[in-house]
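**Q** Listed below, chain by chain, are the residues.
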Amino acid sequence: MIQRWLGTVCATVLMGLTGPGSPAQAAESLPGVVVFTTGGTIQSKGAHRQKLSEYSDGRVTPLELLADLPELSEIARVEVREVSNLGSGNMTTELQLKLAKGINEALSRPDVAGAVVTHGTGTLEETAYFLHLVVRSEKPVVVVGAMRPWSAISRDGPLNLYNAVRTAVTPEAVGKGVFVLLDDTIHSARWVTKGNTTRVETFVSREIGPLGYADADKVVFYRTPLTRHTAKSEFDVSTLTNLPPVDVVYGYQEASAEPLKALVTAGAAGIVLADGSPAVTQALLGAVSKGVAVVQSDRKGSGRVLLSERQAGRGVVTADSLNAQKARILLRVALTKTKEPRELQRIFNEY
Amino acid sequence: MSLERTMNRRSALRQALLGGAVLAGIGRSVRGQEIPKVLPPGLNLPRVMLVSMGGTIASKATSRMNLNNYGGPGNRVAPQDWVDALPELALVARVTPDDQRAPEDVAGRSAGGMTTAHIRKVTARVQELVNDPTVDGVVVTHGTNTMAETAWFMNLAVNTRKPIVFVGSQRPWSGLSGDGPLNLFNAVRVAATPSAEGMGVLHVMNQNINAARDVMKMSAYRVEAFRSPDLGILGVVDPDRVVFHTAPLRRHTHASEFHLAGLPEALPAVEILYGYTDAPGYLLDAMVSNGAKGVVIDGTGAGALAGGQSEAVKRAQEKGVIVVATTRTRSGRVQDTPRRRESSIVPGDNFQPEKARMLLQMALAKGADLNGVRRVFEQY
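In the order they appear, the protein sequences are chains A and S.
Here the first sequence stands for residues 1 to 351, where the numbers follow this note's numbering.
Here the second sequence stands for residues 1 to 380, where the numbers follow this note's numbering.
Next up, chain A with everything else stripped away, as it sits in the complex (with noise of 0.2 Å):
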């Protein structure tokens, strides 16, 4: 099934043996790199230089990436896989799945040391978060994108690529799970998040920081994160066509129980709660008591959401520091195993 949906991909291409400045001999040892492409802005154009919202003008293909990055042969051997080419806002499950197995599948082989994944900013660390709990290996996954168009001024996704590239090939970056690479600044999967709407620096891991950076000189890692993730997850997405219904009810003052009661009586398996209010509370009472995953996340964007006797008393999970789309994540790959509130809560401390 894996080979069949390669097989449509649109293009493989081996950088190694046409890129300038470097000898075809020294191309072959060159480490292997799979560059699986899955739109954003990144791969956006926009009519103008100067346009930099509203850039849906074009496409870039995958070998128009790569084309414009002769300097990637220089440092591996790039292969391209092309998923979709899409906004973030139009990942989808199927998407992410296809992603997972052909990633996994990839990073099988023993010539390629690692892979890049190009995504939209808006999602990415949702999708860079499933990876980082169903990707079967300790190579590296470097997730990457840009905030400008390809067709901007002063764009930043040919440097971001160029790191991603980078990083997927040090060997410090081996077994350190998943990775968001924007910036220079080489985030885990786990607590990054998108943080601004246009600035380059968006992506943050709020108090935790970064494991390390992409510099000019080399790569260096400070920080190698604690949490299960990779090769040391029990989730196994290898035969899996969909996941579980999980959705995100936001909290804010007076907020109605309607959209609870609506995402239970829609069939919901899980519900992320983003804080509450008092009628969501009553209301989830309900919706556990029907058999509903909840768990309980926040909208401040950092800290922990503690372990709470009176959360477990009423069957609900705490999401510890994920913010709600990556509890949503988290829940919908956790339900493929159980459904229990306290399994589902060791998996919430663990992961």
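The hints are simulated quantities; they were obtained by calculation from the structure and are not laboratory data.
The structure presented is a predicted model; accordingly, all values stated were derived computationally and were not measured.
Idealized CB from N, CA, C, for every residue including glycine.
Just so you know, not all the hints are guaranteed correct.
Anything over 12 Å on all C-beta distances counts as not near chain S; from chain A, calculated [what the hints assert, rightly or not]:
(1) E71
(2) E74
(3) D236
(4) S238
(5) G251
(6) S256
(7) A262
(8) L285
(9) G291
(10) K339
Each computed DSS-like pair below joins lysine-lysine, with the alpha-carbon atoms no more than 30 Å apart [to be verified]:
(11) K339/A x K101/A
(12) K366/S x K319/S
(13) K337/A x K261/A
(14) K300/A x K194/A
(15) K218/A x K314/S
(16) K300/A x K290/A
(17) K232/A x K218/A
(18) K218/A x K121/S
(19) K218/A x K194/A
(20) K290/A x K194/A
(21) K314/S x K293/S
(22) K319/S x K293/S
(23) K218/A x K366/S
(24) K217/S x K121/S
(25) K300/A x K217/S
(26) K217/S x K218/A
(27) K339/A x K261/A
(28) K194/A x K319/S
We have chain A already, so just place chain S on it with the hints.
**A** Using the frame of chain A, we list chain S on its own:
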């Protein structure tokens, strides 16, 4: 039951205790002296040594509104006073106070702050404590202004995997809404936590766990003063659990080559020079003529020299002085660029200059040449 299984069981119980059971006990008990019910009788709580090097946390005043002019004769707090005021400590550890304040500190006549001589004395004492098999962890209190330096010194000089946790406070022990008691309680919790082992010297204030290498004081008075600007925290001390998110990768404590026993009596002199527009070269000349064997230049931007510093660096290098470049931006690495390499200037990575100074002192004390210093700054 085998010894290994006994130890695993003990470790698991400690983890259970520190990982969730404690909050329930404290929540229910106003005095906080009851051991939570989940604990089996006879459990040996971890033993934590509470070493006082003084600080604001060891200071008081006659008015609780005095938040900036405390201390002095008669206004010092002894470590036993902390233990007496915090019976909740008995829930998480068997705490033994160990007063390592300088005599002038105890008398309230301390002037001029911490000295290397005193840091070395306390470092030797901490090494002695962690060598004791009955000790599980050490907490060290310290004034906040230079505590990150002393913590960094021990991060290099103490040979152990046991947790060493630095703690202080921004408000005096007597201050209204003093942060000292919770900081101290949390520091003891971390020192008693098995997952804190092998993490190097830690800093705990304001419910955050920072690494000695990266943490710095970034606000004069706020309780959230301590941050690791380039890297962030290692973990948190929340009411429910002590959680480590990441582990440091650079060499420290048990993996350091600079343990106190192998250091000479006096470390080579290393001074710090600040970078700014028109910075003159004669300050560096003066450092060298006064015996500096190394100089850390806290340069502008990416670690650049300014004004007359470039020429002065050449004069200093001719006399064998090693020059390390850090950046006054307090975030970002000073890179190993070809031009910097040609100038024989060692890139100071993302170190604060006061920590680069101590590292350079230790490297020079061990006889490191330019390449040796370069290696040390890449590994620590």
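**Q** If a hint holds in the structure, say so; if it does not, say that too.
**A** Hint by hint, here is what the structure shows:
1. E71: Per Cβ check, E71/A is outside 12 Å of chain S; nearest 18 Å; holds.
2. E74: Holds, because the least Cβ-Cβ distance between E74/A and chain S comes to about 17 Å, which exceeds 12 Å.
3. D236: Holds: least Cβ distance 25 Å, greater than 12 Å.
4. S238: 29 Å, holds
5. G251: At roughly 20 Å from the nearest Cβ of chain S, G251/A sits farther out than 12 Å, so the non-interface label holds.
6. S256: 30 Å, holds
7. A262: Holds, because the least Cβ-Cβ distance between A262/A and chain S comes to about 32 Å, which exceeds 12 Å.
8. L285: 22 Å, holds
9. G291: At roughly 26 Å from the nearest Cβ of chain S, G291/A sits farther out than 12 Å, so the non-interface label holds.
10. K339: Since the minimum Cβ distance to chain S is about 23 Å, K339/A lies beyond 12 Å and the statement holds.
11. K339/A x K101/A: OK: K339/A and K101/A at ~24 Å, within 30 Å.
12. K366/S x K319/S: OK: K366/S and K319/S at ~19 Å, within 30 Å.
13. K337/A x K261/A: Cα-Cα ~25 Å, so holds.
14. K300/A x K194/A: It holds: about 13 Å lies between the C-alpha atoms, which stays within 30 Å.
15. K218/A x K314/S: 27 Å, holds
16. K300/A x K290/A: With a Cα-Cα distance of about 29 Å, the restraint between K300/A and K290/A holds, given a limit of 30 Å.
17. K232/A x K218/A: Satisfied, since the Cα-Cα distance of roughly 28 Å is no more than 30 Å.
18. K218/A x K121/S: 39 Å, violated
19. K218/A x K194/A: 25 Å, holds
20. K290/A x K194/A: 34 Å, violated
21. K314/S x K293/S: Cα-Cα ~14 Å, so holds.
22. K319/S x K293/S: Holds. K319/S to K293/S sits at ~9 Å (cutoff 30 Å).
23. K218/A x K366/S: 27 Å, holds
24. K217/S x K121/S: 24 Å, holds
25. K300/A x K217/S: 25 Å, holds
26. K217/S x K218/A: 28 Å, holds
27. K339/A x K261/A: Within the cut-off at roughly 19 Å; holds.
28. K194/A x K319/S: 50 Å, violated
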